[in-house]
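K.L.:
Sequence:
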Amino acid sequence: MKLLALDTSSEGCSAALLVDGEISERFELAPRGHTRLLMPMVRELLLAQGLVPADLDVLAFACGPGSFTGLRIATGVVQGLAWGLDIPVVPVSSLEAVALGAIETLDIPGHSIPGHSGIAVAFDARMGEVYWGCFECRAGIPVLLGEEQVCLPSDVALPSGPDHWYGVGQGWQYRSGMPSAITGQVETIDEALVLRASWVARLAAIGYRQGKAVPAEQAQPVYIRDEVAWKKLPGR
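Residues in the sequence shown are numbered from 227 upward in steps of one, following our numbering.
Treat the hints as calculated values from the structure; they're not laboratory data. Positions of the beta carbon are idealized from the N, C-alpha and C atoms, including for glycine. Keep in mind that the hints are not guaranteed to be accurate.
No more than 16 Å apart at the CA atoms, straight line, and that leaves these computed lysine to aspartate or glutamate pairs for EDC-like [unchecked claim]:
hint: 1; residue 1: K228; residue 2: D246
hint: 2; residue 1: K438; residue 2: E248
hint: 3; residue 1: K228; residue 2: E254
hint: 4; residue 1: K228; residue 2: E330
hint: 5; residue 1: K228; residue 2: E251
hint: 6; residue 1: K228; residue 2: D283
Just the calculated beta-carbon pair ranges, DEER-fashion [said to hold, decoys possible]:
hint: 7; residue 1: T261; residue 2: M353; range: 48 to 56 Å
hint: 8; residue 1: R262; residue 2: G410; range: 37 to 45 Å
hint: 9; residue 1: G302; residue 2: S406; range: 25 to 33 Å
hint: 10; residue 1: R269; residue 2: M227; range: 18 to 26 Å
Work the whole structure out from these sequences, hints included.
P.N.:
Below, the structure is given as structure tokens:
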């Protein structure tokens, strides 16, 4: 399988190419450079593997939540490529992808039995709120507990189940406003962890095998917060 994954949902811009289980990636921290950087990254990845777009089997992208403008960039590119190549798309939750990144970079043990670990992902949603999603690590893969949501830091909650919790994402910069009962359960916090397309690619490959691919017109961003709220933010 040849899978191309893209992410422009946060301050990082990245593209990853999964070919027969091996991943190559281009990544750059460039909050205002997504439009300029994304397609050159794609071309570099394909060229390095001796491939052309027509060789791709499936596309994937981080569908949100995240920056309104950033989500639209990746969505537009993926839809255009999918239409032109007549191949499907696997949307991947941005929160879930960062949870996978935490599992890989923080070396969190994953179990399907008592003693498993939880990952609480928080993104800065602006307007004093955070995007919040809680996952448990099962055999090295994040599994969503409950629902992803947007809320005030004071309203975040951890579901029952995991014995150990890890917090990741830039939304944890607001942990002083979170309930002490929540922050007291979190053993490690990494607010600098930035989403990477390689994590999107790994989850998309699983999703593709599970039949989660959709046609181009159904590849849509997930804002969680409604679009009107985003329009109130200049430059977003």
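K.L.:
Hint by hint, note whether the structure agrees.
P.N.:
Now the hints, each set against the structure:
Under the criterion of a C-alpha separation no larger than 16 Å, the hint pairing K228 with D246 is consistent with the structure, at around 7 Å. For the given pair, K438 sits about 21 Å from E248 by alpha-carbon distance, which is inconsistent with the 16 Å threshold. At roughly 22 Å between alpha-carbon atoms, K228 and E254 are farther apart than 16 Å, so this suggested pair is violated. Using a Cα cut-off of 16 Å, the hinted pair K228 and E330 is violated, with the two alpha carbons roughly 22 Å apart.
The suggested pairing of K228 with E251 holds, with an alpha-carbon distance near 13 Å, which does not exceed 16 Å. The suggested pairing of K228 with D283 holds, with an alpha-carbon distance near 5 Å, which does not exceed 16 Å. For T261 and M353, the hinted distance range of 48 to 56 Å is not satisfied, since their beta carbons lie about 24 Å from each other. In this structure, R262 and G410 meet the distance hint of 37 to 45 Å, their C-beta atoms being roughly 43 Å apart.
Remark: the range hint 25 to 33 Å for G302 to S406 is contradicted by a beta-carbon distance near 42 Å. For the pair R269 and M227, the supplied restraint of 18 to 26 Å holds, since their beta-carbon distance comes to about 20 Å.
The earlier numbered hints that this structure contradicts are 2, 3, 4, 7, 9.
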